[in-house]
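Chains A and B are the protein sequences, given in the same order.
For the first sequence, position 184 (counting from the first letter as 1) is numbered 184 according to my numbering, and the numbering increases by one without interruption.
For the second sequence, position 335 (counting from the first letter as 1) is numbered 335 according to my numbering, and the numbering increases by one without interruption.
Hints are not guaranteed to be accurate.
A pair counts as met if it fits within one copy or between any two copies, since identical chains are not told apart.
[Unchecked claim] In silico EDC-like pairs for lysine to aspartate or glutamate, Cα to Cα no more than 20 Å straight-line:
1. LYS212 with GLU189
2. LYS128 with GLU36
3. LYS126 with GLU44
4. LYS90 with GLU47
5. LYS2 with ASP100
6. LYS128 with GLU44
7. LYS134 with GLU47
8. LYS126 with ASP28
9. LYS134 with GLU91
10. LYS128 with GLU55
11. LYS128 with ASP28
12. LYS134 with ASP28
13. LYS134 with GLU44
14. LYS134 with GLU36
15. LYS126 with GLU47
16. LYS267 with ASP236
17. LYS128 with GLU47
18. LYS267 with ASP202
If you're looking for bench data, these hints aren't it; they were derived computationally from the structure.
There are 2 protein chains.
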Amino acid sequence: MKSFSDRLMDAIDAKENPSCVGLDPRFDSMPQYLREQCRRKYGETFEAVAECFLEFNKAIIDAIRDEVVAVKPQMAFYEAYGAPGVNAFKETADYAKKHDLLVIEDAKRGDIGETAKAYSDGHIGKVKSWRGMKECFDVDAITVNPYLGFDGIKPFVEDSMQYGKGAFVLVKTSNPSSGQLQDTPIILEHPSLPELQRRFGDQSRLRLSELKELIDAADETVIAPNYVRTASFVDDWGEVCRGVRGYSSIGAVVGATYPEEARTLRKLMPSTYFLAPGYGVQGGNAADAAACFNTDGYGAIVSSSRAIMYAYRDETGGNICPEEEFDVAAKAAAIAMKEDLVSVLRQSDKCPW
Amino acid sequence: MKSFSDRLMDAIDAKENPSCVGLDPRFDSMPQYLREQCRRKYGETFEAVAECFLEFNKAIIDAIRDEVVAVKPQMAFYEAYGAPGVNAFKETADYAKKHDLLVIEDAKRGDIGETAKAYSDGHIGKVKSWRGMKECFDVDAITVNPYLGFDGIKPFVEDSMQYGKGAFVLVKTSNPSSGQLQDTPIILEHPSLPELQRRFGDQSRLRLSELKELIDAADETVIAPNYVRTASFVDDWGEVCRGVRGYSSIGAVVGATYPEEARTLRKLMPSTYFLAPGYGVQGGNAADAAACFNTDGYGAIVSSSRAIMYAYRDETGGNICPEEEFDVAAKAAAIAMKEDLVSVLRQSDKCPW
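The shape of chain A in the complex, shown without the other chains (with noise of 0.2 Å):
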């Protein structure tokens, strides 16, 4: 069975583009006709939000399928409306596949044992029913946290590789406070790391002052930022799941916001593809987002959301065109994202094609 890393890679090449499309259904943002279409037939219930999700969609979907590889639906926004949001995130993850298009579930799950086998059986593998087991979501990839360990993670990686899917694992997030916790300077490695860890005994801190005979006579002791332990995880833990291409199904989020850190990382984990969300409104250029692209011109899918979706509107909300066009607006920002980034990487000569 092909990887999904391999899928992933051969739709980039067909395709020439290593761009996705996320699928962030908001009911504020959806064309007025639209909306009042879908009010007219299920009245003004949740059913009636979800099919006009579900309608937008596939509109979107038959405007960039022949450009982009990947859609990227944001599971939060059609888990926001009950049943019917997710039944909408269903039927357009099925539309979007029969439409030759990859779908990477951005859904951020993480739990624990039974639980997180739970996510991924019905996310990216498949669940118990009466006759054997059956697929529900059926995703090709989706993103995970990895605060948990690797418990939160173990799941995904023995669907991944029985099923040819995927999961991205948080490392560097693209928003503002993604620092708080991924940025905070770590010790990562020491010749005694469990003897230190014992130290802290009932106490919740020690000074460095207080460690002395364990840290100053310990010229191998390495600080980093937490980052990269979150990356040398995600790289050990993809090494099982590499395809033929050499990269791994196992792959990392890691925003086009903070190409310092995404140079940092995309040298740290060669072999592990990166999502990198923030293109486009979150302010990542493509200038940005080509710090996490290997020098084989792979390692990258680059996602935008907004900029895409809903490219027939302006920051204010005002319409550019007629807002029955919005799926002719998102192709052309599609297309316009696409001939960005390719050209960004021509200059750096990382283009593949």
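Put chain B on the given structure of chain A with help from the hints.
Quick look at chain B alone, frame taken from chain A:
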């Protein structure tokens, strides 16, 4: 409006029981007769699985409603079956609330900006629709993940204040690999942390010896396990959500399986309510869980899932009692857990009743 923390504490007083029951339905663990009943009604479909989960949960809720203060449904097990599963989750939550139980949703959500807001709106707040704002899941509290920093927590804090709801932030989780990211020794305090962070530049790691002039001069450098830093954030984030009884509605998840860490965290976060999973099947006992309580006898709600829900079965999946009496067995297990906890709290002079 009464804060979530006050509602929780009042309920704990009324029932003289600081424990809650996890509702983690698994297809394999459902009683045969119930599975068969649902199969006959809905065929071999996910709707039938969802109906089975709901009927099972309702019977458990009927059995334990006078004993415990809250249920903690784990969303993973429901969403694994798509929209029907999510619907069963919603109906379970509604049924529990109608029977005077608080609902603490275990979902461990974590995202950024508008996406985090969509999660919060959908689960504890209100979402936009035609007639203004409307509740969707409307649970009392939800578990959330801190890896993305305050961007991911802010909407939950705001909705908690606005709607009398709450959130429990993962700090030290109950699972074996929780230490991988949570226990790492970090530099918690340094006279110039920004300068220290800048020194990394485009390097991913530095030997302590290369930082000698920065670190050696700094007698104030303080080292701590990573969960201590998360704890200080949670304490800070929850400050605005204090109820009249002194505790914040922004709580912390602290596993009952790590009593030493729990004691440390208890001292660091005196006003934070702990949700303590891990009692029962995961190996935590009442004495371990007692470490999560303050000397006033409050400050923690202990959770058990499998040991209560599936008390009718032994470890090998054989039935201990007729499977039709699974609810009776669950009630007995919930009472035993209550007595176990209260007795240990009494022994350590921490029992408020």
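Against the structure, the hints:
For a Cα distance limit of 20 Å, the shortest separation of LYS212 from GLU189 qualifies both inside one copy, at 16 Å, and across copies, at 16 Å. With identical chains, the CA atoms of LYS128 and GLU36 are at most 20 Å apart between copies only, with a shortest distance of 15 Å across copies and 40 Å within one. Taking identical chains as interchangeable, the C-alpha atoms of LYS126 and GLU44 lie at most 20 Å apart only when they sit on different chains, with a minimum of 15 Å there against 35 Å within one chain. Within a single copy, LYS90 and GLU47 get their C-alpha atoms as close as 14 Å, and across copies as close as 15 Å, so both meet the 20 Å cut-off.
Taking the shortest Cα distances, LYS2 and ASP100 sit within 20 Å of each other inside one copy (15 Å), while across copies they are farther apart (51 Å). Taking identical chains as interchangeable, the C-alpha atoms of LYS128 and GLU44 lie at most 20 Å apart only when they sit on different chains, with a minimum of 11 Å there against 35 Å within one chain. For a Cα distance limit of 20 Å, the shortest separation of LYS134 from GLU47 across copies, 13 Å, qualifies, whereas the shortest one inside one copy, 26 Å, does not. Taking the shortest alpha-carbon separations for LYS126 and ASP28, only the inter-copy value of 14 Å comes in at or below 20 Å, while the best intra-copy value is 35 Å.
Taking identical chains as interchangeable, the C-alpha atoms of LYS134 and GLU91 lie at most 20 Å apart only when both belong to the same chain, with a minimum of 17 Å there against 24 Å between chains. In this assembly of identical chains, the alpha carbons of LYS128 and GLU55 lie at most 20 Å apart only when taken from different copies (18 Å versus 31 Å within one copy). For a Cα distance limit of 20 Å, the shortest separation of LYS128 from ASP28 across copies, 8 Å, qualifies, whereas the shortest one inside one copy, 38 Å, does not. In this assembly of identical chains, the alpha carbons of LYS134 and ASP28 lie at most 20 Å apart only when taken from different copies (14 Å versus 36 Å within one copy).
For a Cα distance limit of 20 Å, the shortest separation of LYS134 from GLU44 across copies, 11 Å, qualifies, whereas the shortest one inside one copy, 34 Å, does not. Taking CA atoms no more than 20 Å apart as the test, LYS134 paired with GLU36 passes between copies only; the shortest distance there is 19 Å, against 37 Å inside one copy. For the homomeric pair LYS126 and GLU47, the shortest alpha-carbon distance between copies (16 Å) is at most 20 Å, but the shortest distance inside one copy (27 Å) is not. Only within a single protomer do LYS267 and ASP236 lie at most 20 Å apart by alpha-carbon distance; the minimum there is 14 Å, versus 35 Å between protomers.
Taking the shortest alpha-carbon separations for LYS128 and GLU47, only the inter-copy value of 13 Å comes in at or below 20 Å, while the best intra-copy value is 28 Å. Within a single copy, LYS267 and ASP202 get their C-alpha atoms only as close as 38 Å, which misses the 20 Å cut-off; across copies the closest is 10 Å, which meets it.
In this structure, none of the earlier numbered hints is contradicted; all agree with it.
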